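Student: In case you want the letters, here they are:
Number of protein chains: 2
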Amino acid sequence: MTVTSLAADLSELDRADPLARFRDRFHLRDGLIYLDGNSLGALPRATAARLQQVIADEWGEGLITSWLGAEWSTAPQRIGDKIARLLGADPGEIVATDSTSVNIFKALTAALSLRPGRSKILSEKTNFPTDVYMMQGIEAFSGGRVKAVAVDPAAVLDALDDDVAVLLLTQVHYKSGRVRDMAEVTRRAHAAGALAVWDLSHSAGAIEVDLNGAQADFAIGCGYKFLNGGPGAPAYLFAAARHQAATPVLSGWFGHARPFSFEDDYDPAAGITRFLCGTPPVLGLAALEAGVDLLLEADMGELRRKSLRLGDLFMERMEPLCDRHGFELASERDPALRGSQVAYAHPQAYQIVQALKEYDVVADFRAPDILRFGLTPLYLRHRDIAETVERLEQVCATRAWDKPQYHQRAAVT
Amino acid sequence: MTVTSLAADLSELDRADPLARFRDRFHLRDGLIYLDGNSLGALPRATAARLQQVIADEWGEGLITSWLGAEWSTAPQRIGDKIARLLGADPGEIVATDSTSVNIFKALTAALSLRPGRSKILSEKTNFPTDVYMMQGIEAFSGGRVKAVAVDPAAVLDALDDDVAVLLLTQVHYKSGRVRDMAEVTRRAHAAGALAVWDLSHSAGAIEVDLNGAQADFAIGCGYKFLNGGPGAPAYLFAAARHQAATPVLSGWFGHARPFSFEDDYDPAAGITRFLCGTPPVLGLAALEAGVDLLLEADMGELRRKSLRLGDLFMERMEPLCDRHGFELASERDPALRGSQVAYAHPQAYQIVQALKEYDVVADFRAPDILRFGLTPLYLRHRDIAETVERLEQVCATRAWDKPQYHQRAAVT
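Going down the list, the protein sequences come from chains A and B.
Take 0 as the starting number for the first sequence in numbering that gives the first Met the number 0 and just add one per residue.
Take 0 as the starting number for the second sequence in numbering that gives the first Met the number 0 and just add one per residue.
No lab work stands behind these hints, which were simulated from the structure alone.
Since the structure is predicted, the reported quantities are computational estimates derived from the model, not experimental observations.
Beta carbons are placed, not taken as given, at the ideal position from N, Cα and C, and that holds for glycine.
Certain hints may be false.
[What the hints assert, rightly or not] To give an idea of the interface, some chain A residues facing chain B are shown, with a C-beta separation under 7 Å as derived from the structure:
| no. | residue |
| --- | --- |
| 1 | A19 |
| 2 | I54 |
| 3 | T99 |
| 4 | S100 |
| 5 | P128 |
| 6 | T129 |
| 7 | G136 |
| 8 | P230 |
| 9 | G231 |
| 10 | S250 |
| 11 | G251 |
| 12 | A366 |
For reference, chain A alone in the conformation it holds in the complex:
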């Protein structure tokens, strides 16, 4: 598929872009091309002022009264309801709080409690690591009652036997960007008597998601990627209304029916509130809400179309580099299977990502040999994509990546 090959056409695409107005709503340094919004989303301009208000007015002036007066105590549900609009969920089915990992634990243990005769949590190898690590922690604590099973990605549906209680999959794979068919996979899980838990970390705000249309059981996801909620933002948890009678294992006081009665025994709140645990992280939630509010101004269909257009353009421009410099496409071409990123394998992937920084392009390395380029349609322009490939061509043509300091790997998220 040819998007364009002329600079003039790029300008035309940017001019005609119905999402172009959103770029100015973010703080983005001139010259920088930021292709890592699927790791840490950029800063919405509104966020700093919002946080300042929470700190100076709500905390500084309102102090303890802000739990009610500034509606801190219901922020997890309020923001959850907003996220629900992005994900095809109903009000009262999502809360925003805790980390993705902790919410995975909540979703898996809730799902296990709804399938008492079964022992397996099933997932795929190469899934984002924390998903499988959390499964393994549950297995270790279960005293033999729970088995954490991760099989080859292609074998996962065939592994749905009658001992699988819950299937945990990521809708958009973190490395390849491959999209799972949520409705079909959920149908298969249900047909086998299992529940489906979806990790939407690379879906929310990036592709159209329809949790209830797909009959999903539980879902969790990250607040700091396409939701632009800030570093380490609170994550979210979806529990379909029909599953909200499950008893939480992380049974903290904010999930209690009457937390401020200070009762001696746990009595879970009705509805989604029982999936809260400790005191909500107010500052992080305020930043997350600013990011979600901004995203809600955009049309999700427009976002998806632009994301695919940016990906098409990227792959088109990369074709000569694949021939000349040994890049190999490591993500899907088919729009139905493609998330909001493109990935290439290259033996020097790590060094190239480092060298690109000197050209003011921020991309991501994922072990062992993947360059990952996140496409965030709210703040990327078509010309940024073309410019990225030009800078990458320079890095390769000059072997700018071949410096000793780039051979020492450091940790990045």
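We have chain A; now place chain B onto it with these hints.
Tutor: Okay, now just chain B, sitting in the frame of chain A:
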């Protein structure tokens, strides 16, 4: 004990107060007397600027590179090491992350794994509810292997039988402020073959704590009370160096030995890092660090002495009100048994706390009949205590609390 009964003496006490200089380091509205710093600490003036820097510079400009460049990724350990200085712990024994409730779960499950032949988690009734709720969630998930037992406070040491794996107690009781003897109770737990987990939510920054002197095994606590870390601040977890080989149940990627190798199997990091779970909450941690940094400028011995002096003054001034208006002291007189708060029982406790707000005094109601006054020596003056009792006297003398709107209870933390 008589502290003073003359206004002139109060001014002298405030002039001679070695901690007086700290009051200006907080944002406190003129006229307000804030006696709820043990529920939500006041706002340090440095916090807003620090958050602004994290948002604008580290997130907005640094973006993903700030995980290393601004040391986000090691913030839980760095701040943990600072909190360790307040609590008699060593560097590498504390991390700051997640909520208190989630950290209780981590500490209890780690302790259980170290006492495999035993089934009980023991605590006391009237403990802060989330502590016992988290125990009950573990019991519910354990399939009969774990029993959550909460006995009368006076009976807890006698309940240390040879089936108790772990004793969970709060050092300073949230309602009465009563202080448990950490060293003696821990000794008793160890003598019975159990481990001791301490909740320090009302201790840290309020009284002198010596975790390693007391041979404590695990501890957890809250960041938003005397540490002044902001609403819903990250909490902290202490694991004594000798227990850091325990396998975490909440085995998220930030507790992995090599999180950025994206390996398929969980391999816990050495040391305290394995008690991390998901991605650290960077914004909340930055606010917490500002609060902890401020506290570290003060001398803990001075803080404790002033706290007791404020309490003595409060009780002295309250004596006439006890006689005339039916208040009954509900906290300890003995300095060795008294945390940084005083509490009174009164049949109209809830209404009186509401009425005090009109007199610009913020105190706390705790069901069923307790008025709780938090004493925060960093920002309270002796004259604030005397003034509080005068305003309380007016509330009672005029029956200002007897308004219909005060009879409708609302939730406050």
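Student: Hint G251(A) vs chain B: min CB-CB distance below 7 Å?
Tutor: holds (3 Å)
Student: Is the interface hint satisfied for I54(A)? The criterion is a beta-carbon contact with chain B at less than 7 Å.
Tutor: holds (5 Å)
Student: Does the nearest C-beta of chain B fall within a distance shorter than 7 Å of the C-beta of P128(A)?
Tutor: holds (5 Å)
Student: Let me know if the C-beta of A366(A) comes in closer than 7 Å to any C-beta of chain B, holds or violated.
Tutor: holds (5 Å)
Student: Measuring from the C-beta of T129(A) to each C-beta in chain B, is the shortest one below 7 Å?
Tutor: holds (4 Å)
Student: Measuring from the C-beta of T99(A) to each C-beta in chain B, is the shortest one below 7 Å?
Tutor: T99(A) check passes; min Cβ-Cβ to chain B is 6 Å, inside 7 Å.
Student: Answer holds if the nearest beta-carbon of chain B is closer than 7 Å to that of G231(A); otherwise answer violated.
Tutor: It holds, given that the least Cβ distance between G231(A) and chain B is near 4 Å, below 7 Å.
Student: Return the status of the interface hint for S100(A): holds when the least beta-carbon distance to chain B is below 7 Å, violated otherwise.
Tutor: holds (3 Å)
Student: S250(A) was flagged as interface toward chain B. Is the shortest Cβ-Cβ separation under 7 Å?
Tutor: Given a least distance of 3 Å, the restraint on S250(A) holds.
Student: Closer than 7 Å between Cβ atoms is the bar; does P230(A) clear it against chain B? Give me holds or violated.
Tutor: holds (4 Å)
Student: Once the shortest beta carbon distance from A19(A) to chain B is found, is it less than 7 Å?
Tutor: Hint on A19(A): violated, closest Cβ of chain B at ~21 Å, above 7 Å.
Student: Does the CB of G136(A) sit less than 7 Å away from some CB of chain B?
Tutor: At about 3 Å, which falls below the 7 Å cut-off, the nearest Cβ of chain B leaves the hint on G136(A) intact, so it holds.
Hint violations for this structure: number 1 only, all remaining hints satisfied.
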